[in-house]
Each structure stands twice: as C-alpha cells, then as structure tokens.
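Trainee: Since the structure of chain A is already known, use the hints to place chain B on it.
Residue numbers (numbering that gives the first Met the number 0), protein chains in the order written: chain A, 0 to 171; chain B, 0 to 98.
Please note that a few of the clues may not be correct.
[As the list claims (entries may be wrong)] Computed, partial: chain B to chain A, Cβ under 7 Å: (1) Leu15; (2) Leu21; (3) Ile22; (4) Met33; (5) Ala40; (6) Tyr51; (7) Leu54; (8) Ala68; (9) Ile73; (10) Val79; (11) Met93; (12) Ser95.
[Unchecked claim] Estimated spans, in silico, between C-beta atoms of each pair: (13) A:Phe112 with B:Ile53: 20 to 28 Å; (14) A:Tyr109 with B:Lys86: 17 to 25 Å; (15) B:Pro1 with A:Leu98: 25 to 33 Å; (16) B:Gln52 with A:Ile68: 31 to 39 Å; (17) B:Arg83 with A:Ile111: 26 to 34 Å; (18) A:Gly3 with B:Ile73: 38 to 46 Å; (19) A:Pro130 with B:Asp91: 40 to 48 Å; (20) A:Gly9 with B:Val66: 48 to 56 Å; (21) A:Ile96 with B:Asp92: 42 to 50 Å.
[Said to hold, decoys possible] Covered stretches of chain B (in silico footprint by chain A; criterion: 3 or more residues with CB under 8 Å from a CB of chain A, positions within the stretch not fixed): (22) 5–11; (23) 23–32; (24) 41–50; (25) 60–67; (26) 82–91.
In case anyone wonders, no lab produced these hints; they're calculated from the structure.
On a predicted model such as this, the values are computed, not experimentally measured, just so you know.
Each residue gets a CB set at the ideal place from its N, CA and C atoms; glycine is no exception.
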Amino acid sequence: MSFGLILIFGTLALVIVGTAVGMLVSRNAVYAALFLAMNFATVALLYLILGAPFIAVAQVTVYAGAIMILFLFVIMLLGGEKLPGAEKIKGQRTLAILLGVVFLAEIGLYMIFRGGSLTLLPEAASSSGSPAALGMMLFNQYLLPFEITSVILLTALVGAIVLTRKSNGSGK
Amino acid sequence: MPITYYLILSAILFVLGIAGMLIRRNAIVVFMSMEMMFNAANLLFVAYASYYQILTGQLFVFFVMTVAAAEVAIGLALIVAIYRNRKQIDVDDMSSLKG
Chain A
0 MSFGLILIFG TLALVIVGTA VGMLVSRNAV YAALFLAMNF ATVALLYLIL
50 GAPFIAVAQV TVYAGAIMIL FLFVIMLLGG EKLPGAEKIK GQRTLAILLG
100 VVFLAEIGLY MIFRGGSLTL LPEAASSSGS PAALGMMLFN QYLLPFEITS
150 VILLTALVGA IVLTRKSNGS GK
Chain B
0 MPITYYLILS AILFVLGIAG MLIRRNAIVV FMSMEMMFNA ANLLFVAYAS
50 YYQILTGQLF VFFVMTVAAA EVAIGLALIV AIYRNRKQID VDDMSSLKG
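Just chain A, with the same shape it has in the complex (with noise of 0.2 Å):
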C-alpha cells in the first residue's frame, strides 16, 4: 500500500521535474508552454493524492485551463516564438545555475538541521478536505478575503483592458 503510494508519487515528481526542466532549456516559446501546462495537470494529481480534490480541479481549470490559454494566445499574438538564444550579460547563465544550486543546498541544509524528521503525513485525508466542507469554510470564516479576491480580479480585468487598449488609441 505504502510501498504503492511512493511508487506513484516519485513518478508524478519524475514528471514535474522533467517538465519542469524542459521548459526551462526549450528554446520554443509554446513548447515551454506546453511542457508547464503539463507540469500543472501532474501537480493536480499530486493534490488528489493529498486529498484535495477540490484544490486540483481548480488547479486544472484556473492554471492548466485558463492561465495557459492565456500565455498561448499572447505568444502567438506576438509571434515572437523562438528568440534568439544568445545572452546579453557575459555568464549570466552559469551564475544563475550556481546560485540556484547554492539556494537549494541552503534549503537542504535548513531541513537537515531544523526539521529533518521524517514525519508521515496520515493515510485517509480525503473525508476532510471535501469541496462542501471547504465551502461552508470559505463563505463564513474568509468572507471578507474572498470579498477582496472579487475586487482583485475586477481591478485586473479593468487594468488590462486598459493597458492593452491605450497604445492602440495613441499610437495609430
């Protein structure tokens, strides 16, 4: 059962990392696209094995669905797909390697240290974290931050609509 479990899960991770870094080295704006929309759909079942399932349904619609159409459809209005490969800054490249080497080992260090216990997470979380449950939590103790959360995306939707509009009115 156990054994299952782990199996299950260090393929999904083998997926995320994997298309986790190919979008990092493809050199094609929808490849990288393509290569996170499919990392978010693994993360998802990450969250189901969790008990989460509400939490991976939105996370299939909000960032697999709806976010990557997004980036999609500004690359191919742009159309700048491949850019030049070439770096500007002379290293750039190797340093940012380097550092974010450096950053994971510090993170590492920080759990060997200070919570390197390895706590097993419990066996059937699915009845806690159902949808109805997760609701009637929303709606009475986080009113007023999903209130806000309403504002936020108007603010959004108006500002966007703005930028992309101004340009067009002044420049032609």
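Mentor: This is chain B only, laid out in the frame that chain A set:
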C-alpha cells in the same frame, strides 16, 4: 508517506523556477517560471494542510490561485503593451530606466 518528500519536490520546483527566471530572456517564459514558483508554494500549502488536517492551507491555495490569475492577466497585458512600443520582449533590452 513522509511529508519530507513533498518538501524536497517543492524545493526543487521552486529552485527550477528561480533558475528559469534568471536564465531565460523571453519575458513570457520568465512569467511561466514565476507561475512554477507559485505552484511549488501551493504544493507545500496543500501538503501541510493534509499533514495537520486543517483546511486553511487549501483555502490559501485558492486565494493564491486567484491572485496569480489576476497577476498573469496584468503581466501579459503589460508584455503586449511593451511589445507594441519596442517590437520585442527581451527582458535584457527593457533597460530604459537605467541611468
């Protein structure tokens, strides 16, 4: 299954996002790397929500998703506006404010 596995996976995903932000020059791909970092943080939120059996972590993931959607809409609108002005979206060339 130990929660440390999720911690390690999230850390790797986050570092890959940082590396993408530093390495790539295409502004759209930089944005994608940022989404990946959000994703890593969300994974950690859900893992700990499952660990402590509290729903609040999942709710925060919901809020993070909403704000990320708004941020992507604004950011891509900015990229389109920049592209209309300068005809390219290389982040190294967006240095007009540099003295």
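Trainee: Next step is simple, just say for each hint if it's right about the structure.
Mentor: Each hint tested on the structure:
1. Leu15: For Leu15 (chain B), the interface hint holds, since the closest Cβ of chain A sits about 4 Å away, which is under 7 Å.
2. Leu21: holds (3 Å)
3. Ile22: holds (5 Å)
4. Met33: With Cβ-Cβ at 11 Å, over 7 Å, it is violated.
5. Ala40: violated (11 Å)
6. Tyr51: violated (9 Å)
7. Leu54: Holds, because the Cβ-Cβ distance from Leu54 (chain B) to chain A comes to roughly 5 Å (cut-off 7 Å).
8. Ala68: Since the shortest Cβ distance to chain A is 6 Å, the answer is holds.
9. Ile73: holds (5 Å)
10. Val79: holds (5 Å)
11. Met93: It is violated, given that the least Cβ distance between Met93 (chain B) and chain A is near 12 Å, above 7 Å.
12. Ser95: Given a least distance of 15 Å, the restraint on Ser95 (chain B) is violated.
13. A:Phe112 with B:Ile53: 20 to 28 Å: holds (26 Å)
14. A:Tyr109 with B:Lys86: 17 to 25 Å: violated (44 Å)
15. B:Pro1 with A:Leu98: 25 to 33 Å: holds (28 Å)
16. B:Gln52 with A:Ile68: 31 to 39 Å: holds (35 Å)
17. B:Arg83 with A:Ile111: 26 to 34 Å: For Arg83 (chain B) and Ile111 (chain A) the Cβ distance comes to about 50 Å; the hint is violated.
18. A:Gly3 with B:Ile73: 38 to 46 Å: holds (43 Å)
19. A:Pro130 with B:Asp91: 40 to 48 Å: holds (45 Å)
20. A:Gly9 with B:Val66: 48 to 56 Å: violated (32 Å)
21. A:Ile96 with B:Asp92: 42 to 50 Å: violated (23 Å)
22. 5–11: holds (count 6)
23. 23–32: With 8 residues in contact (Cβ-Cβ under 8 Å with chain A), the coverage given for the segment 23–32 of chain B holds.
24. 41–50: Holds: 7 residues of the segment 41–50 of chain B have a Cβ under 8 Å from chain A.
25. 60–67: holds (count 7)
26. 82–91: holds (count 7)
In this structure, the hints that do not hold are numbers 4, 5, 6, 11, 12, 14, 17, 20 and 21, in rising order.
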